[in-house]
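Residue-level listing of the chains:
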Amino acid sequence: MIRVVTLDPFDDKQLAKFNRTLYTAFGVGSEHSGSAEVPAGMSEPLDAEKLLDEVKGIRAYKDDKVLLLTSRKLKDRELPSGKAPTTGFARYGKDRAVLTIAPFKDLETGYKAIARHALHQLGTLWELHHCLDPRCSMYPPWTPSFNQGDHIFCTFCREKSEQKIRLAKS
Amino acid sequence: MPEGSAALQLNVGDRVVYPNQGVCRVAAIDVKEVAGQKLTFVTMRREEDGAVVMVPEGKIISIGVRKVASAADVEEIYAFLRSDSDKADLDWKQRARTNLDRMTQGGILGLAEVVKGLQVLSELRPLPTKERELYDNARHLLVSEVAAALGTAEANAEDSIDIVLFPPGRERPKRTAAEFARPGGEDEDLDLDSDLMGLEGGELDLPSDEEPPAEPEEEAAEEGAEEEGSEEASEDAPKKRGRPPKAKPAEEGEPAAPKKRGRPPKPKPEVTAESAEPAAPKKRGRPPKAKPPEGAEPAEPAAPKKRGRPPKAKPPEGE
Numbered sequence: 001m002i003r004v005v006t007l008d009p010f011d012d013k014q015l016a017k018f019n020r021t022l023y024t025a026f027g028v029g030s031e032h033s034g035s036a037e038v039p040a041g042m043s044e045p046l047d048a049e050k051l052l053d054e055v056k057g058i059r060a061y062k063d064d065k066v067l068l069l070t071s072r073k074l075k076d077r078e079l080p081s082g083k084a085p086t087t088g089f090a091r092y093g094k095d096r097a098v099l100t101i102a103p104f105k106d107l108e109t110g111y112k113a114i115a116r117h118a119l120h121q122l123g124t125l126w127e128l129h130h131c132l133d134p135r136c137s138m139y140p141p142w143t144p145s146f147n148q149g150d151h152i153f154c155t156f157c158r159e160k161s162e163q164k165i166r167l168a169k170s
Numbered sequence: 001m002p003e004g005s006a007a008l009q010l011n012v013g014d015r016v017v018y019p020n021q022g023v024c025r026v027a028a029i030d031v032k033e034v035a036g037q038k039l040t041f042v043t044m045r046r047e048e049d050g051a052v053v054m055v056p057e058g059k060i061i062s063i064g065v066r067k068v069a070s071a072a073d074v075e076e077i078y079a080f081l082r083s084d085s086d087k088a089d090l091d092w093k094q095r096a097r098t099n100l101d102r103m104t105q106g107g108i109l110g111l112a113e114v115v116k117g118l119q120v121l122s123e124l125r126p127l128p129t130k131e132r133e134l135y136d137n138a139r140h141l142l143v144s145e146v147a148a149a150l151g152t153a154e155a156n157a158e159d160s161i162d163i164v165l166f167p168p169g170r171e172r173p174k175r176t177a178a179e180f181a182r183p184g185g186e187d188e189d190l191d192l193d194s195d196l197m198g199l200e201g202g203e204l205d206l207p208s209d210e211e212p213p214a215e216p217e218e219e220a221a222e223e224g225a226e227e228e229g230s231e232e233a234s235e236d237a238p239k240k241r242g243r244p245p246k247a248k249p250a251e252e253g254e255p256a257a258p259k260k261r262g263r264p265p266k267p268k269p270e271v272t273a274e275s276a277e278p279a280a281p282k283k284r285g286r287p288p289k290a291k292p293p294e295g296a297e298p299a300e301p302a303a304p305k306k307r308g309r310p311p312k313a314k315p316p317e318g319e
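Chain order of the listed sequences is A and B.
Under full-length UniProt numbering, the first residue of the first sequence carries the number 1, and numbering increases by one thereafter.
Under full-length UniProt numbering, the first residue of the second sequence carries the number 1, and numbering increases by one thereafter.
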């Protein structure tokens, strides 16, 4: 089950549409599971890793995947090889991811790009690596063409995610 | 407990890399008796899923178990990935062999070479399924080792690799087959594209109905050239690869029907007046018994057959 938890107010209709997209992409249920508070002392831009560790009040089962949705900006990560533009963050094979809709005003404005980023972060939770196919949502998200693509997976990534989901269910 | 592996100086708690399996932690080093021999076994537990493997100490080096790369090694990996390295071999057999060696014996640099090579190759053409799987495995092993070396999350390790491979704000370049050509020219014949072009000349032996129709203008021009062409011209012309074209039969009235493959159809029976009536559908099963001719006396119904052994012949009486 995918649980979308909002850290800021969002329109319910847009969230319902967003959940339908996630359901279509992964074939598992997706629902809006309430909202949570950003931990005190964290200011914009938010540190994505810290946010995932410190956010409280999320109820989920062990095999659920939680996607935190915020309209606030996330801080770019400093990595040994350079600075990574960060629109979302997920730990490989774990159960929580965070995604920002910035720089878009709301979900509807940049729906296609946001859905693609969401698929990317949830794919990371299901142990998918970055893909070579520019049409796939697992393509590195900082590339210029990423936001123009559709929210789909390539055949390889789709089959791998289905396999991981089957394993998680069994 | 023994002090550790003599060759690698392994101790309990060390992190090692088992080729094609990933980062493991040494769980124990024990002496066990197997078939009367006392052997030292190194027990390793894979960090990813906790799978356990026991390896005799003497086999550690030959298997290719090694310690996790250092941060300095990872810096070298970034430099390698950033550089314009050798292109992958276009011969798939050679490439598969090289990549297999790199995966098992190449260390972290071998993993990076596989990832980089296949990534560059994918800029020329999409990878086939097996190589896509190999790319994914190599990437997974590389990411987990970089994460272990730097003590960071795997997502960060992967992003740090991909920032080098896919620099932000830049699209991947389109490659051409010429970029993959070796300077010595030895591999030119191994180029898949040119091979395929060579095969188009007739080696594929496609059925005639699958062959693309030749353009009439080109044919006419070729025929004209053949008529005019002297022996010198034919010698000067570049040799075509593949099987020479079959000699065309002399054209007669109708063009020959395209050859059909497979078993030829059965000849149809000639239609005559008698056979004009539609034949009754064939009945399946045993044919019915022939009826006795009318007028003949009906035979007595035969006595029902007795089953079992026939009765013994009675001895003649009166002897």
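Hint data in this document are derived by calculation from the structure and do not stem from the laboratory.
Check before you lean on any hint, since a few could be wrong.
Unchecked claim - Here are the simulated DSBU-like cross-link-like pairs (lysine-lysine), alpha carbons at most 30 Å apart as the crow flies:
| id | chain 1 | residue 1 | chain 2 | residue 2 |
| --- | --- | --- | --- | --- |
| 1 | B | 174 | A | 83 |
| 2 | A | 75 | A | 56 |
| 3 | A | 13 | A | 83 |
| 4 | A | 94 | B | 130 |
Hints and how they fare:
1. B/174 with A/83: Within the cut-off at roughly 25 Å; holds.
2. A/75 with A/56: Holds, because 20 Å separates the two Cα atoms, which is no more than 30 Å.
3. A/13 with A/83: violated (35 Å)
4. A/94 with B/130: Answer holds: residue 94 of chain A to residue 130 of chain B is near 27 Å, not above 30 Å.
In this structure, only the earlier hint numbered 3 is contradicted, and the remaining ones agree with it.
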